Amino acid sequence: MTERAFTLLELMIAIAIGAVIAGMVIAAARMASDCVTAGNRLAIENQLIGAGVLAACDEIDSWKAYDDPDGGQPLRAMSGPRGLPFTPLAQTWAAAGVAAAWDGGESAWSMHNPRAWWRGCMAERAGSDPVNGFYGVSGASVPIGEPAPTYARYGTPPQPPPVLSGAWQHDMVRGLEPALGMYGLIDYLPANAIYGYYGAPNAWTTEGGVPHWMTVGALPAPQALYPATYNDVFSIVPRNPAAGTGGPADIATTVRARWQTWEGGGSLAANVRDLIDRNEHRDVLMPIAPAHWPRVSARIVRTIHKAYFTNACTVAWTSPLTGATSELRFTGFGTTLRGARQSRGLDGP
Amino acid sequence: MRRGFTLFEVAMSLVIATTAVVTAAMVFPTGVKAQQAARFRLYAASKAMEICERNACANVANPALDHEACAPWDVGYTYRSQSSDLETKVSGHRFGMHPLPVTIARRLDSDEDEIQRLLDDGGYLYYFAATGGGSWREDTVPQSPPDDAQRVIVGVQGYAQNNAVNAFPLKAWPYSVPYPSPPTFMIHGTGDVAGPGGAPRGRCEFLPSAPAGLEAWQGGAGVSYLWEAVSQPGDADLVASRMVFTSKAGESADGLAYGYKPYFDAPSAESATRYLQAALWWCERLGAGALADFIAPSDATRPIEDFSRSSLPPHKQVLALRYLAHAGLTMTRWFPYAGGLDDGVAIPSALLAGQPSPELTLTHELIVFWHATSLHLAHRFAASYPYDWGAPRPLERAIMTDYPLFEYDLFAPPIGGTIAGSTTHADQWRLLTPQPVKNLGRSMSYPGFDIDNATWTIAGGGASGIWSQGDPTTGSGRTRFSLCAPFAASERCRQLVFWAVDWMSYEDAETAPSAPVDASKYPKWAPIQEWGTPWDFARMMNAAGSGPGWSPDTWVDHHLHTWRNPEKQLLYTRDMAGPDGVDGTGDDVGTGSDVTTDMVGNTDWSSFPKDQGAAPEPVRVFNGLYGADRNFNHRLDRGPLPRTTRLRAQTIGRWNYYDTRVHVQLR
Numbered sequence: 011m012t013e014r015a016f017t018l019l020e021l022m023i024a025i026a027i028g029a030v031i032a033g034m035v036i037a038a039a040r041m042a043s044d045c046v047t048a049g050n051r052l053a054i055e056n057q058l059i060g061a062g063v064l065a066a067c068d069e070i071d072s073w074k075a076y077d078d079p080d081g082g083q084p085l086r087a088m089s090g091p092r093g094l095p096f097t098p099l100a101q102t103w104a105a106a107g108v109a110a111a112w113d114g115g116e117s118a119w120s121m122h123n124p125r126a127w128w129r130g131c132m133a134e135r136a137g138s139d140p141v142n143g144f145y146g147v148s149g150a151s152v153p154i155g156e157p158a159p160t161y162a163r164y165g166t167p168p169q170p171p172p173v174l175s176g177a178w179q180h181d182m183v184r185g186l187e188p189a190l191g192m193y194g195l196i197d198y199l200p201a202n203a204i205y206g207y208y209g210a211p212n213a214w215t216t217e218g219g220v221p222h223w224m225t226v227g228a229l230p231a232p233q234a235l236y237p238a239t240y241n242d243v244f245s246i247v248p249r250n251p252a253a254g255t256g257g258p259a260d261i262a263t264t265v266r267a268r269w270q271t272w273e274g275g276g277s278l279a280a281n282v283r284d285l286i287d288r289n290e291h292r293d294v295l296m297p298i299a300p301a302h303w304p305r306v307s308a309r310i311v312r313t314i315h316k317a318y319f320t321n322a323c324t325v326a327w328t329s330p331l332t333g334a335t336s337e338l339r340f341t342g343f344g345t346t347l348r349g350a351r352q353s354r355g356l357d358g359p
Numbered sequence: 035m036r037r038g039f040t041l042f043e044v045a046m047s048l049v050i051a052t053t054a055v056v057t058a059a060m061v062f063p064t065g066v067k068a069q070q071a072a073r074f075r076l077y078a079a080s081k082a083m084e085i086c087e088r089n090a091c092a093n094v095a096n097p098a099l100d101h102e103a104c105a106p107w108d109v110g111y112t113y114r115s116q117s118s119d120l121e122t123k124v125s126g127h128r129f130g131m132h133p134l135p136v137t138i139a140r141r142l143d144s145d146e147d148e149i150q151r152l153l154d155d156g157g158y159l160y161y162f163a164a165t166g167g168g169s170w171r172e173d174t175v176p177q178s179p180p181d182d183a184q185r186v187i188v189g190v191q192g193y194a195q196n197n198a199v200n201a202f203p204l205k206a207w208p209y210s211v212p213y214p215s216p217p218t219f220m221i222h223g224t225g226d227v228a229g230p231g232g233a234p235r236g237r238c239e240f241l242p243s244a245p246a247g248l249e250a251w252q253g254g255a256g257v258s259y260l261w262e263a264v265s266q267p268g269d270a271d272l273v274a275s276r277m278v279f280t281s282k283a284g285e286s287a288d289g290l291a292y293g294y295k296p297y298f299d300a301p302s303a304e305s306a307t308r309y310l311q312a313a314l315w316w317c318e319r320l321g322a323g324a325l326a327d328f329i330a331p332s333d334a335t336r337p338i339e340d341f342s343r344s345s346l347p348p349h350k351q352v353l354a355l356r357y358l359a360h361a362g363l364t365m366t367r368w369f370p371y372a373g374g375l376d377d378g379v380a381i382p383s384a385l386l387a388g389q390p391s392p393e394l395t396l397t398h399e400l401i402v403f404w405h406a407t408s409l410h411l412a413h414r415f416a417a418s419y420p421y422d423w424g425a426p427r428p429l430e431r432a433i434m435t436d437y438p439l440f441e442y443d444l445f446a447p448p449i450g451g452t453i454a455g456s457t458t459h460a461d462q463w464r465l466l467t468p469q470p471v472k473n474l475g476r477s478m479s480y481p482g483f484d485i486d487n488a489t490w491t492i493a494g495g496g497a498s499g500i501w502s503q504g505d506p507t508t509g510s511g512r513t514r515f516s517l518c519a520p521f522a523a524s525e526r527c528r529q530l531v532f533w534a535v536d537w538m539s540y541e542d543a544e545t546a547p548s549a550p551v552d553a554s555k556y557p558k559w560a561p562i563q564e565w566g567t568p569w570d571f572a573r574m575m576n577a578a579g580s581g582p583g584w585s586p587d588t589w590v591d592h593h594l595h596t597w598r599n600p601e602k603q604l605l606y607t608r609d610m611a612g613p614d615g616v617d618g619t620g621d622d623v624g625t626g627s628d629v630t631t632d633m634v635g636n637t638d639w640s641s642f643p644k645d646q647g648a649a650p651e652p653v654r655v656f657n658g659l660y661g662a663d664r665n666f667n668h669r670l671d672r673g674p675l676p677r678t679t680r681l682r683a684q685t686i687g688r689w690n691y692y693d694t695r696v697h698v699q700l701r
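Protein chains in written order, with my numbering: chain A, 11 to 359; chain B, 35 to 701.
With the rest of the complex left out, here is chain B:
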């Protein structure tokens, strides 16, 4: 019997055929997704190159901040937030990468839950600034058309290392001066210095106290003092170098003023000669005849290039020639070559503080010799003795080893104390160096603070100075210093992981608070006192407004590249949920509203940034509690996705990179 298909069979066949067709059709969107992933990989590759380039090449100097204090916790420059790690260097308002709000990051799923594990470990996710980044002031960069690159987010896998400490927190070495030059005189504050009885009291006073024997000059510019003369009060030679700067009344036998300052105040051939006599006097003061080969060289056509020609320690030879060469050169302003320095100008002896200066005949040849010798000694000293701080480094030829290597000793108990202006306790690791620092001296900001003998309490008992290697109680030593140790490539390898996710579609993409900002990102002043009263903590946070016009008394946007909230430029200055602070109650700022005037942006020195100060409101702004214009379109955007929704982040690429332990800048 011949029989056709039943209707049921036909229907089933059609269903099967349809399923096959539809299934085949469903494959096509996969192709689109693949192309979208390819696009994101393209973005990620560009951004990976960019952030590695920024990390290696951008200058992240912060020239307007205190870098030294009387305790290591009173300056933030040595804190973790200022380390040389990629995410801390590049994540800033100028360098194009900002932390993704943690509240949003916590909603993102990813393969093997990698994002959540990264957050659990203390890491952040980062998104890219809409304007790109670089050296430009952010608001001068032309507006960028919208693109998808902000959907790309990145995290850093692999732990950050114990990096070199940026600077010695108690003295921001290197100090640099031109060679040759007169003794270093410091202006300790400006403005109001008139105190009772003419004492150097005013807004800026010495902390913890003025150093004994401070030779200070009080003028319109503030209290000036001589750094070399107070840096090492136990060294009578350095204390006596004050004579090179200026003699005091009654010190000279002829009653005239000697030294650089009288010359600078009233330049003339006579005052220049007395400056030179003072420099010669100090050379003799260092040791009778100790510098004879310099003062009266047997062959002035060749400079002295090392420290073998004198028994004096190298740093004193450097200082002596620095002053001598400068004083000698000033003579060329007053004595002509022909008929003057060609034949020689007689420099008579001067009796200063009961000691005569050497007589000599000053010639052009001798001046040239001093100058060249000064440079040779200064350059050799800087290159040969990176841990001898007895003489400043040459300003005209900065070199890598001007910056000594410091490392926190994480295996010895930290020292602790109280944060200046507060009762809050703080701890900090002690420091290791590859070799001890010689002639450490006092800092320019705190010449009354004896760094060598300062101690703090150790957690668990005892006391210690800032160095760890010299502490016999802990057994810690220089063997822990690892910055110069060989290392395997894997120890320096970290990984950039990129994901693609449309996080901007969240309703709170721009109103979610910033990722938590490390407190040390707050550019607080170092300890200071005013009219006898130390500033309290809030005053150091405010640092503006209530005091006399001591500029700069506001934060300087373009000097604070790695400080403040990394989203600083974008931060909202008021709650977008309206005065009641609750979303959806009718007083919210409307979606799409122009928020140009509600952002921190950039300010000049005449105005007070809205994220600065100890009051609650600027603290909220500083911490980004009101959110930020994260796509920098100057409009308040709210996406369609409720915050209860989870999104899947697609992994789109991984790049390994070399993670340095010291600050470097390539070009």
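Same shape as in the complex, but just chain A:
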């Protein structure tokens, strides 16, 4: 039998088939390659976004951006006579001149405990005539260990016996505000607390002795949680604020700032923007990551507004290819300031 090679036609058909097949394989390989690339990119992105979410969740639980046991703790400093959110209470309490130590025990603020009752006048107004009388003299609150205050019209009555006195409640509120600022005050006091106390009358109080700072805002009177936070937002500044805060003194100012969000008129986007700029913690993940990895950051801002403690988290990532930024926003359950401080042992004597 003679050997026979492929005919030209066969060869051409074979080449054509081979070319088609090779084309398909190359296309498939390219697609596979693209898929691998995309899959890798997505996997990296997912891992980084996941890390961002975890970082945010960890932060709203741990408060490390505010007070890092392994790093900076500028919020434990004093700002003059006032404390910052993580200043040990023993320091600020003494500076505030309050005799009774902070007591946040389980039953300390219970309804049945008369010492926790607010005994003031809900109609007390800044600058108004005290026609309802001087509640400070009737046991509304007289500072523990201090002499009874003198009222211009009424004089100096004796301190009421402890069983009739609101001195304990006075000392708790009086000590907390300069210690922690409004966010901390609201965080520490029970949800049904009235933000007010009676002290010795002076230029900064009503005639009855209620500090003016407690009688301003939406209603010029001692306030409860909802009206106090109805138009006002109280936030808490991280230890490394991003903008507008240059040092401890400025941090202290920001800690005590209130942001108006009066909703009845006009856009207040600039106000909200300012609040976020000053109070948002921004954490860039993997700052020295490879250039082809997306840039991911986790941002946290903690506020109290309309009686709602919010831990607003944003995880943002920027594509290294397009430069486009995407964001995932969510709120989450976190530890309270009080819980964070207690875990650090900052409330002890």
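Don't take every hint at face value.
As the list claims (entries may be wrong) - Taking lysine to any residue and the SDA-like style, the derived pairs with C-alpha atoms no more than 20 Å apart in a straight line are:
1) B:Lys67 with A:Ala38
2) B:Lys67 with A:Ser329
3) B:Lys67 with A:His122
4) B:Lys67 with A:Asp44
5) B:Lys67 with A:Ile54
For the record, the hints were derived by calculation from the structure and aren't laboratory data. Source: prediction; values computed, not measured.
For this one, chain A is given, so just place chain B on it according to the hints.
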């Protein structure tokens, strides 16, 4: 013989090899899909935490709405749309979750057809607001870059429960007042009150009628009356408490005015003394010597802490000390301690309505004692008697039990009647409580309406009041009350199911109508009359524009967190299909057009929201018939997919959560 492969064999081999390679290559996109699913699971996990956090922690108070009426169907606050279920609380314009249009949801396929079964059961799917949510006014939140999170949708599996009713619909208890304080005086409307002959007629009149014996004061602020004195007209003691507020001409032997109001009108030592005398008079009026231990305590250095020192019912002891302590404290404004209240100020007897008030020597010590005792009694009363409404709760120390538990009795026939201002019939379940409400009294808004004796028709015959347990004809009883009963964990467990689907790629993703809005989400006024004419239903819906400037007469965006269309902020105010209302006819609003001015958004009190009113157009807007800017980019978006296309929704996660039956707020 040696023989090579034939061409056919070679070709077949190549085809097989190619198939294998291509098949292997086809596996790679699966990896991409897996990564995409992982991304969506990440979104879903974040959003699951968010909506559970909102459900538990957000304050959804609606402080600018009527919460009481003369019939349970005339206020929406107790309706299902305001329940404490997660999807009703969180699905609102401020809390970041909106119902997906049902027309779109019906196009989605899913494993075991779970989505369609959920819709069949009356549930909705929800998508997440592009701006997130929270306590901020929506338009102040910085614009969010686009992301894929809106592709994640969620539904709630498991049936909602028969929750606690938010409030008693005929009287929005608890009423709270400061302790101590004078009697509660109510301003019944403001503005135009000048009627014929000086009668208290005007925009706000009493419905169904002014209560008998109403002691009203007419001034620039409106008609004021004393709540305690009209709350329980059958109790002569409470009616007589009007004297603590003000005496009437001819009632005092010396011709002077006694009580809190004359003191407030002209504050002085003398008028303060007469206020105190009136408070003492009422204490004596409650029963000669019944409050002797309070008026002249044997030991004023210790407060009286319970109700054992008087034979009077607890709520009257609370009220007596509330007035007495307040009147006593006003004296500190006029009498100094040294040389005054230190030694004691003589309070002579005053003859009021033929009865003398007790004489006493008022001291600083006694004032402090009254104040402390007032607080003790008020706090003890609030904590011990949650179902005794004889005395208001202390404003300065609100507690959980200020809010009594109510539950609809779903196993007894409802009561029925007519919706105010209309001829439309309505029914509502009757209420169960764990124990009867004592001293229910009249409401502040409707002091002429006798709640205790009001009845409505029962479907099937008969009549009944608002309570179910007292109805012997149905056999219904308190045994049906289940809010305090033990329960298994499974009874409170519901499930969040998340799917991923690119529903925004539909051509009508932003022009599809909102999911149907429950009619009770419309913040309608409670019944009211004006110049003798009750408002009709449309007027109660409009509640603005035609009447005198009785503010607030428009809806207050930031007070209506769980009312209105949940997509309110995003709703379009005109048809994006153009004037002819037909898509694709040339007059459509162009895709990508700026629609900033075509959205309901937020308005202040000076303007009238475009979704408010009984006219057809605002009703269309309220119901979201024109669609909404669902990705909040202020542009009209139309996706490439025709509405005839079905999409497959990929299940990406399930989370169980605890479904409460009462409104709670954690922090």
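Taking the numbered hints from earlier one at a time, note which ones the structure violates and give those numbers from smallest to largest.
3
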